[in-house]
Amino acid sequence: MTHPDFLWRNPDPKPAYDVVIVGGGGHGLATAYYLAKNHGLTNVAVLERGWLAGGNMARNTTIIRSNYLWDESAAIYEHSLKLWEGLSDELDYDLQFSQRGVLNLAHNLGDVREGRRRVNANRLNGVDAEWLDADEVKKFCPIINVSDRARYPVMGATLQRRGGIAKHDHVAWALARQADAYGVDLIQGCEVTGFEITGGRVTAVETSRGRIAAGKVALAAAGHTSVLAERAGIRLPLQSHPLQALVSELLEPVLDCVVMSNAVHVYVSQAHKGELVMGAGIDAYNSYGQRGGVHVIEAQMAAALELFPIFSRARVLRTWAGIVDVSPDASPIIGPTPVDGLYINAGWGTGGFKATPGSGWVYAHTLAHERPHPLAEPFALDRFTTGALIDEHGAAAVAH
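For the sequence shown, the UniProt record's numbering gives the first residue as 1, with consecutive numbering after it.
Rather than coming from a laboratory, the hints here were simulated on the basis of the structure. Hints are not guaranteed to be accurate.
Calculated lysine-lysine pairs in the DSS-like style (CA-CA distance at most 27 Å, straight line) [as the list claims (entries may be wrong)]:
no., residue 1, residue 2
1, K14, K37
2, K167, K82
3, K273, K167
4, K37, K82
5, K167, K37
6, K82, K273
7, K139, K273
Label-pair distances were calculated between CB atoms; the ranges are [to be verified]:
no., residue 1, residue 2, range
8, R9, E298, 43 to 49 Å
9, E249, E191, 35 to 41 Å
10, I143, Y285, 17 to 23 Å
11, D382, V316, 40 to 46 Å
12, E206, L317, 39 to 45 Å
13, E85, H295, 57 to 63 Å
14, D92, R235, 17 to 23 Å
15, P338, D128, 35 to 41 Å
16, D148, G293, 30 to 36 Å
17, L389, P15, 40 to 46 Å
18, R9, N286, 34 to 40 Å
19, E249, D391, 35 to 41 Å
20, G233, L109, 44 to 50 Å
Don't be surprised by glycine CBs; every beta carbon is placed ideally from N, CA and C.
Assemble the whole structure, with the sequences as input and the hints as a guide.
Shown next as structure tokens:
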């Protein structure tokens with residue numbers, strides 16, 4: 001029974017489970033929740049090396065949108081956004097989901113062409129999208145500098161009004177509470193150190209808290225997924241990079257939308273408490289460290305100040321980094337692996353948070369039915385053999 005002062009139990013692992021999910025972040029917790037809710041599978045464990053939602057789930061900039069270029073990407077992210085729109089009520093928890101609108105700025109003719117193309121593609125896929133000229137950008141977000149004398153002048157922007165932000169901790173806590181209520185075991189401080197594979201099939205995981213037998217094993221460990229897969233003899237086409245973000249001191253409300261700029265590599269929103277939340281582009285080198293180079297932050301600040309001169313006297317409170325796993329086509333990998341019973345959900349790059357409910361939904365379906373959910377089918381691992389790539393590199397903007 002859950003202690004009245006806690007949202008979920010803190011159980012010891014059982015000897016065996018039908019499904020073992022490796023990674024207790026947003027995607028792992030969402031997968032566990034939907035396995036129980038949608039498919040009635042509750043003999044499930046979520047194993048987390050540290051504490052629940054202590055990785056990228058606690059380190060992202062909480063942007064939610066679905067305005068991706070390609071049909072396959074738009075479909076899965078739009079499914080996720082529709083789930084977001086009812087998630088607070090469904091989980092009976094205030095997720096502080098705020099559909100304040102997401103602007104993607106255009107600073108040159110190439111940006112303008114790409115932005116207009118994406119608006120048209122989104123509309124064809126039933127995703128809300130608008131094109132704003134510079135004057136309309138200024139009207140929607142008055143504090144943006146739209147002067148034509150700026151180093152990167154604002155020539156227009158795409159707008160998704162249904163996009164916005166949510167409170168990442170609340171999302172994790174709500175999913176964990178509901179999964180626990182269904183009987184899922186959430187096991188913290190339990191590092192997976194290896195896999196038992198017999199006759200080409202995974203039969204158990206080896207952990208810092210002993211052997212745990214498993215009918216199926218589902219990896220959901222973001223930047224560490226490739227490390228885990230290697231322990232099962234699988235080399236995944238993923239590279240892990242640091243992705244930095246920062247927050248300012250608390251300020252009065254000045255920014256009531258999300259602003260993203262691919263050209264100058266910065267994206268900004270103002271959290272409910274009042275701090276400015278800013279993200280940058282990934283650090284170029286591969287790393288599993290939750291920190292990055294100072295020069296990236298300096299460039300991010302220079303870009304932010306050019307777009308928002310009003311921020312010039314704000315102070316940075318803290319900076320940090322998450323570990324993002326990037327695939328060759330900047331799209332996720334969802335589905336089975338060459339080892340029977342071992343599944344992966346990885347490669348979300350910098351777009352993992354916005355996909356949290358959608359990812360959990362399709363991954364749970366894939367595990368329950370032992371075949372990919374229709375929305376997940378295009379994101380199979382074998383696309384890197386067949387060449388059926390979903391190349392969101394150029395279309396995804398800085399925050400992918």
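Quick rundown of the hints versus the structure:
no.	hint	result
1	K14 - K37	holds, 21 Å
2	K167 - K82	holds, 17 Å
3	K273 - K167	holds, 11 Å
4	K37 - K82	holds, 17 Å
5	K167 - K37	holds, 23 Å
6	K82 - K273	holds, 25 Å
7	K139 - K273	holds, 24 Å
8	R9 - E298: 43 to 49 Å	holds, 45 Å
9	E249 - E191: 35 to 41 Å	holds, 36 Å
10	I143 - Y285: 17 to 23 Å	violated, 34 Å
11	D382 - V316: 40 to 46 Å	holds, 44 Å
12	E206 - L317: 39 to 45 Å	holds, 41 Å
13	E85 - H295: 57 to 63 Å	violated, 39 Å
14	D92 - R235: 17 to 23 Å	violated, 42 Å
15	P338 - D128: 35 to 41 Å	holds, 40 Å
16	D148 - G293: 30 to 36 Å	holds, 32 Å
17	L389 - P15: 40 to 46 Å	holds, 42 Å
18	R9 - N286: 34 to 40 Å	holds, 37 Å
19	E249 - D391: 35 to 41 Å	holds, 40 Å
20	G233 - L109: 44 to 50 Å	holds, 48 Å
Of the hints listed earlier, those the structure fails to meet are numbers 10, 13 and 14, in rising order.
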